[in-house]
Amino acid sequence: MYEKDGEKYFIVDSHMHYWDASPQNWVPGRENLAKGWIDCFYGYHQLGPPETHWDWEKYCKYSEEDLMHDLFEVGHVDVAIFQSTYLKYWYTNGFNTTERNHTLTEKYPGKFITNGRFDPREGDAGLRQLEADVERYGLKGVKLYTAEWYEDSRGYKLSDPEAYRFLARAQELGIKNVHVHKGPTIWPLDKDAFDVSDVDHAATDFPDLNFIVEHVGLPRIEDFCFMAVQEPNVYAGLSVVIGGLMHARPKFFAKVMGELLFWVGEDRMTFGSDYGIWEPKWQVEGFVDWQMPDDDAFADYPRLTTAGKKKILGLNAAKLYDIPVPPECRLPTSADEQDTPGEQLVTEAAAAGSS
Amino acid sequence: MTAPTTALAEAVWAALGTVRDPEIDEPITDLEFVASCTVSDDGVASVRLRLPTFFCAPNFAWLMVADAHDAVAAVPGVERVDIALEDHFAAATINEGVAARAGFVAAFPGEAQSELDELRMVFLRKAALAGQDRVARPLVDAGATPEELAAMRLGDVPPSPDLDRLRKRREEVGLPHGPDAPLLLHPDGAPVAAEQVPLHLRRARLTRVGIEANGHTCRDLLGKRYAI
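Residue numbers (my numbering), protein chains in the order written: chain A, 114 to 468; chain B, 118 to 345.
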């Protein structure tokens with residue numbers, strides 16, 4: 114919990130990892146890919162405040178003690194959600210597998226939620242693995258990295274028939290939340306790998322699943338927002354938005370937040386530190402202190418209130434994952450009036466006969 | 118990199134300045150994606166390109182390398198182009214494919230189905246939409262009404278670099294771009310009715326914010342990667 118100016122914030126870090134990108138875990142012959150991946154992450158890491166930077170060796174493989182300290186001792190996090198990401202094409206034992214992440218979930222009851230994953234290209238064997246994982250780890254959510262390399266394929270779309278088969282089975286198995294993470298490659302490679310129109314299709318066809326689009330679709334935030342405004346079961350995962358922009362580009366952070374508040378609304382935005390890319394402490398504290406700038410360029414963006422910050426930092430994710438929230442951290446009213454100006458504008462335009 | 122000194126090197130640099138990152142819609146020279154550019158006495162132009170990360174999308178990387186190759190090859194006095202992308206997972210494939218004039222599908226056998234014209238067009242359309250915010254925003258701030266904006270022609274707008282840029286993008290996607298063309302157009306070229314103006318302008322600004330936020334993040338990552 115984080116307390117500031119008499120307000121209590123229940124913090125759910127809805128996107129974090131316990132990874133191993135150390136050279137011992139690099140697949141022989143693919144060392145350049147394994148190193149290139151963690152170097153790319155390390156670039157993002159350095160967009161945070163300098164005093165929070167780690168050296169590269171620690172960044173490749175941080176310890177359990179580091180993680181517990183950074184999240185729970187100083188990072189204000191109440192519950193953290195592991196978003197398992199395999200990348201076995203270049204990390205021998207995986208980057209952060211469900212199994213590895215879950216060792217901490219088991220060791221520290223109540224602190225973590227383990228999300229699993231599936232890959233529709235693994236066919237029947239993948240489906241059986243998903244069933245076993247749900248049984249073993251009690252999964253309520255999965256993280257899908259659509260740019261994962263698998264054999265000769267460089268990625269997949271959620272709208273692929275095989276992906277639908279997995280989504281349907283996941284839903285049958287009791288999974289509620291699908292965290293979608295887009296990356297730079299896809300099949301076929303001539304398409305825009307970051308395009309989120311496949312999430313649009315899946316969200317329409319699986320209305321009882323929630324689709325949390327991580328890093329709010331960046332670098333396609335425009336497509337994401339215009340899709341999310343029309344799909345009530347699509348959420349904006351703020352990983353990378355706060356970490357990558359709040360310190361490095363405060364003016365653009367405000368613009369991106371303004372667009373998200375307008376199109377998606379504070380009821381469908383969830384905080385995620387993306388640890389170990391960044392530590393949660395400075396993100397939580399900075400976000401609570403953050404205000405939409407007063408100058409004219411931001412005049413017609415919605416404001417973010419203390420209540421809105423409480424929702425984004427924890428209450429929204431708590432709702433998605435049925436996490437109990439202490440009474441002193443709840444909001445006084447449970448009225449679920451969605452305040453999404455963009456939705457109103459789209460509805461009005463539709464009523465006026467335009468699209 | 119430091120400015121070129123000879124006239125031919127300057128011409129090559131200027132040619133590289135016509136090559137844009139398709140997503141960010143800015144010249145690769147402004148983005149500092151040109152790591153080095155030299156021209157030998159016998160007219161061999163050597164260009165090295167770099168990107169913000171090892172895993173930047175390979176299709177956009179291909180377009181930049183191929184466009185840079187074509188732009189430099191067209192400079193009078195350049196006898197041969199030696200161009201290479203560095204520090205990228207697909208660098209070897211892209212460099213060999215561009216040098217062989219093979220095309221994207223041939224360079225990535227089994228991984229791609231089409232050349233990249235449609236991909237490029239998707240992002241030109243975004244740029245043409247974002248450009249409408251750049252041109253219209255000052256008019257909105259000055260009090261222009263939706264009715265006035267819906268009726269406005271490009272020729273009614275005061276000259277500016279943003280207007281020139283918008284007209285160029287319109288031309289590139291095959292939309293009307295002359296003085297009689299409407300200021301506001303849907304991506305498919307349909308005119309924007311007065312009651313559609315508020316939503317249209319919101320979408321245009323959203324698109325611009327997205328593109329510009331990407332541009333900032335790419336600059337920041339490149340700066341960290343190469344300590345510039």
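Treat the hints with care, as some may be off.
[What the hints assert, rightly or not] The calculated label-pair distances, taken between Cβ atoms and stated as ranges, are: (1) Val187/A x Ala344/B: 43 to 51 Å; (2) Glu461/A x Ser153/B: 51 to 59 Å; (3) Gly306/B x Pro163/A: 46 to 54 Å; (4) Ser272/A x Asp273/B: 55 to 63 Å; (5) Gln343/A x Gly306/B: 20 to 28 Å; (6) Asp258/B x Thr216/A: 50 to 58 Å; (7) Pro345/A x Pro144/B: 38 to 46 Å.
[As the list claims (entries may be wrong)] Below, a list of computed lysine-lysine pairs in the DSS-like style, where the Cα atoms sit at most 30 Å apart: (8) Lys285/B x Lys174/A; (9) Lys285/B x Lys304/A; (10) Lys285/B x Lys148/A; (11) Lys224/A x Lys341/B; (12) Lys364/A x Lys341/B; (13) Lys201/A x Lys148/A; (14) Lys285/B x Lys394/A; (15) Lys285/B x Lys171/A.
[What the hints assert, rightly or not] Far from chain A, by Cβ distances over 12 Å, these chain B residues were calculated: (16) Ala131; (17) Leu148; (18) Gly160; (19) Asp187; (20) Pro193; (21) Glu196; (22) Met269; (23) Leu271; (24) Leu280.
These are computed hints drawn from the structure, not numbers from a lab.
Quick caveat, the model's predicted, so the values are computed rather than measured.
Note that CB positions come from ideal geometry on N, CA and C, so glycine has one too.
Regarding the pair lysine 224/A and lysine 341/B, is the alpha-carbon distance no greater than 30 Å?
Violated - the C-alpha atoms of lysine 341/B and lysine 224/A are around 34 Å apart, more than 30 Å.
Can the restraint linking lysine 285/B and lysine 148/A be considered satisfied, given a maximum Cα separation of 30 Å?
violated, 41 Å
Please work out if lysine 285/B and lysine 171/A have their alpha carbons no farther apart than 30 Å.
violated, 48 Å
Pairwise beta carbon distance, glutamine 343/A to glycine 306/B, judged against the given window 20 to 28 Å:
holds, 23 Å
Would you mind confirming whether the straight-line C-alpha gap from lysine 285/B to lysine 304/A stays at or under 30 Å?
Holds, because 24 Å separates the two Cα atoms, which is no more than 30 Å.
Under the criterion that the straight-line Cα-Cα distance not exceed 30 Å, is the pair lysine 285/B, lysine 394/A satisfied?
Violated: lysine 285/B and lysine 394/A sit about 46 Å apart, past 30 Å.
When you check the alpha-carbon spacing of lysine 285/B and lysine 174/A, does it fall within 30 Å?
Roughly 49 Å between the alpha carbons, so the hint for lysine 285/B and lysine 174/A is violated.
Classify the label on proline 193/B as holds or violated, using whether its beta-carbon is more than 12 Å from each beta-carbon of chain A.
holds, 33 Å
For the pair proline 345/A and proline 144/B, does the Cβ-Cβ distance stay inside 38 to 46 Å?
Distance hint for proline 345/A, proline 144/B holds at roughly 41 Å.
Over 12 Å from every CB of chain A: does methionine 269/B meet that, or does the non-interface label fail?
holds, 18 Å
Consistency of the no-contact label for leucine 148/B, given chain A and a CB cut of 12 Å:
holds, 14 Å
Indicate whether the distance between the beta carbons of glutamate 461/A and serine 153/B respects the range 51 to 59 Å.
With Cβ atoms ~53 Å apart, the hint holds.
The structure is inconsistent with the numbered hints 1, 4, 8, 10, 11, 14, 15, although it conforms to all the rest.
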